Amino acid sequence: MPAITLVKKITADGLPCRKCAEVEARLRERGLWARIDRVVIADERDPDSEGMRLGAVYGVERAPFFIVHGDGGQEIVYTMFLKFLKEVLQANPSEAEEAKALLENNPDLYV
Amino acid sequence: MSVTAFDISRLAREYETKSPQEILALALSAFDGVAISFSGAEDVVLLDMATKIRTDVRVFSLDTGRLHAETYRYLERLREHYGLALEILFPEPGAVEQLVREKGLFSFYRDGHQECCAIRKVAPLRRKLATLEAWITGQRKDQSPGTRNRIAVVERDSAFSTEEHTLIKFNPLANWTSEQVWRYIRDNEVPYNELHERGFVSIGCEPCTRAVLPNQHEREGRWWWEDVTDKECGLHAANVAIAARR
Chain B
1 MPAITLVKKI
11 TADGLPCRKC
21 AEVEARLRER
31 GLWARIDRVV
41 IADERDPDSE
51 GMRLGAVYGV
61 ERAPFFIVHG
71 DGGQEIVYTM
81 FLKFLKEVLQ
91 ANPSEAEEAK
101 ALLENNPDLY
111 V
Chain F
1 MSVTAFDISR
11 LAREYETKSP
21 QEILALALSA
31 FDGVAISFSG
41 AEDVVLLDMA
51 TKIRTDVRVF
61 SLDTGRLHAE
71 TYRYLERLRE
81 HYGLALEILF
91 PEPGAVEQLV
101 REKGLFSFYR
111 DGHQECCAIR
121 KVAPLRRKLA
131 TLEAWITGQR
141 KDQSPGTRNR
151 IAVVERDSAF
161 STEEHTLIKF
171 NPLANWTSEQ
181 VWRYIRDNEV
191 PYNELHERGF
201 VSIGCEPCTR
211 AVLPNQHERE
221 GRWWWEDVTD
231 KECGLHAANV
241 AIAARR
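Protein chains in written order, with my numbering: chain B, 1 to 111; chain F, 1 to 246.
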């Protein structure tokens with residue numbers, strides 16, 4: 001089973017970013033939190049924090065994101081939560097979750 | 001016409017400079033499974049134009065449960081005015097109940113509008129679009145110069161198409177300005193939402209829509225509290241660049 005790293009962001013006020021908190025809550029609700037092997041913090045107050053460095057290394061500009069470390073040493077980065085949910089955790093998102101992802105990926109949908 | 005036989009690129013080029021009525025005529029003649037999505041605002045011009053092309057045009061609208069009373073009255077007025085079998089789409093009750101139970105009735109002011117919009121608008125819209133070959137929207141380039149300035153008059157809907165289902169999207173008003181829309185409404189005595197008389201331009205749900213001042217852009221009347229939260233999850237580029245150099 002691949003090892004999974006979650007990179008989540010801490011904002012200037014010391015709190016997790018809204019999206020990161022939401023993703024964590026959704027994983028816990030589904031009983032999938034235990035599948036996350038490691039949580040790394042990208043601290044907005046510390047540009048040298050490990051999460052910020054990982055963002056730079058993988059060219060990721062938004063948190064949260066997941067790094068999936070395969071048995072053969074390969075790494076896959078997931079920036080889209082639902083894709084990660086389906087492909088890595090083999091969980092089916094709800095209609096509302098899919099709709100929200102659609103909106104987040106297409107912010108100027110006809111709404 | 002089948003979706004696969006519909007030559008999107010050629011028609012997008014050919015119709016780019018044509019009138020909204022010509023684009024509507026193409027949409028309504030090319031597909032049986034085509035419908036107009038009506039937002040309850042100035043896109044009413046599409047209804048007026050379309051019903052002059054054919055009387056059995058299909059129109060749907062999303063009732064989020066949070067619209068202004070004026071918009072509900074307006075939808076009913078249009079149903080009578082045009083003799084429309086206006087189809088009203090509703091969100092899935094269980095999803096709305098869960099959202100309200102867990103987060104209350106105004107979670108969007110705190111958490112952003114996406115979750116509420118996803119449940120009340122996008123999910124029912126997605127269900128409806130899965131049954132269609134094509135849809136017609138009132139999107140215009142001038143509504144949001146940053147994100148809508150590349151709207152084509154006809155395109156493959158990249159958001160709602162899936163591997164199994166290609167959806168065509170017609171935007172007959174893409175090249176029209178707000179001024180042209182309102183000239184049409186006045187010249188043709190088209191019924192309009194009374195909220196427009198009170199400074200509302202872009203009209204959505206009541207808690208998420210406000211009137212704008214003269215010369216304010218219409219999008220400033222929607223989700224105006226979100227500037228900060230939109231950027232909250234960004235791993236700020238400047239910081240990342242500094243970290244990478246160390």
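Just so you know, the hints here were simulated from the structure itself, not pulled from any lab data.
Warning: the hint list may mix true and false statements.
[As the list claims (entries may be wrong)] Listed below are the simulated EDC-like cross-link pairs for lysine to aspartate or glutamate, each with C-alpha atoms no more than 16 Å apart in a straight line:
(1) K103(F) / E22(B)
(2) K128(F) / E95(B)
(3) K128(F) / E98(B)
(4) K128(F) / D187(F)
(5) K128(F) / D63(F)
(6) K128(F) / E92(F)
(7) K128(F) / E14(F)
(8) K141(F) / E95(B)
[Said to hold, decoys possible] Going by beta-carbon spacing under 10 Å, a handful of chain F positions derived as facing chain B:
(9) F31
(10) T51
(11) T55
(12) G112
(13) Q143
(14) A159
Since this is a predicted model, take the numbers as computed values, not measurements.
In this text, a Cβ means the ideal position worked out from N, Cα and C, and glycines have one as well.
- [ ] Output the numbers, in ascending order, of every earlier hint that fails for this structure.
- [x] Structure breaks hints 4, 7, 8, 9, 10, 11.
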